[in-house]
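**Q** Turn these sequences into a full structure, and let the hints guide you.
For the sequence shown, my numbering begins at 1 and goes up steadily by one.
Calculated from the structure, these hints are not laboratory results.
Just so you know, not all the hints are guaranteed correct.
Derived CB-CB ranges, DEER-like [claimed, not checked]: (1) VAL98 / MET48: 13 to 23 angstroms; (2) LEU39 / GLY90: 41 to 51 angstroms; (3) GLY90 / ARG32: 52 to 62 angstroms; (4) LEU34 / ALA14: 47 to 57 angstroms; (5) ARG37 / VAL75: 53 to 63 angstroms; (6) ASN13 / ARG102: 34 to 44 angstroms; (7) GLU24 / LYS104: 44 to 54 angstroms.
Every residue, glycine too, gets a C-beta built ideally from N, C-alpha and C.
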Amino acid sequence: MPTSAGFVPQFPNADEAAKWNGIEADHLAWRRRLVERQLRQERLDQWMGYGFRLLEYLIVIGFGLAFVWLGFHAVDREASLQAVPLISGGVAGLAGAVLAVRNKRG
Numbered sequence: 001m002p003t004s005a006g007f008v009p010q011f012p013n014a015d016e017a018a019k020w021n022g023i024e025a026d027h028l029a030w031r032r033r034l035v036e037r038q039l040r041q042e043r044l045d046q047w048m049g050y051g052f053r054l055l056e057y058l059i060v061i062g063f064g065l066a067f068v069w070l071g072f073h074a075v076d077r078e079a080s081l082q083a084v085p086l087i088s089g090g091v092a093g094l095a096g097a098v099l100a101v102r103n104k105r106g
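**A** Take a look at the structure:
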């Protein structure tokens, strides 16, 4: 069992479990609840990680579509030279943010 979420004692083998039951009858149930709570928390953390990753992708796609729309809008209005710094700076900033997030994870 990974120890990333904190310290959770290992579940005992049969001999040790019998000794603990002799000392305190509810100890194994308490330990089992502790392990199950940690597993639920780890699953919740994984799902939250998936959600944030999906949100990152949606934000990147949204900004990408916004820059494409801005480019088409500028070409239609014959103002493409004024829009080039906006679009290129925005795309460079977006690429930098994506790379920073990816390098932080690795």
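**Q** If a hint holds in the structure, say so; if it does not, say that too.
**A** Checked hints:
no.: 1; hint: VAL98 / MET48: 13 to 23 angstroms; result: 20 angstroms, holds
no.: 2; hint: LEU39 / GLY90: 41 to 51 angstroms; result: 43 angstroms, holds
no.: 3; hint: GLY90 / ARG32: 52 to 62 angstroms; result: 53 angstroms, holds
no.: 4; hint: LEU34 / ALA14: 47 to 57 angstroms; result: 19 angstroms, violated
no.: 5; hint: ARG37 / VAL75: 53 to 63 angstroms; result: 57 angstroms, holds
no.: 6; hint: ASN13 / ARG102: 34 to 44 angstroms; result: 43 angstroms, holds
no.: 7; hint: GLU24 / LYS104: 44 to 54 angstroms; result: 45 angstroms, holds
In summary, the structure is inconsistent with hint 4 from the numbered list given earlier, while agreeing with all the others.
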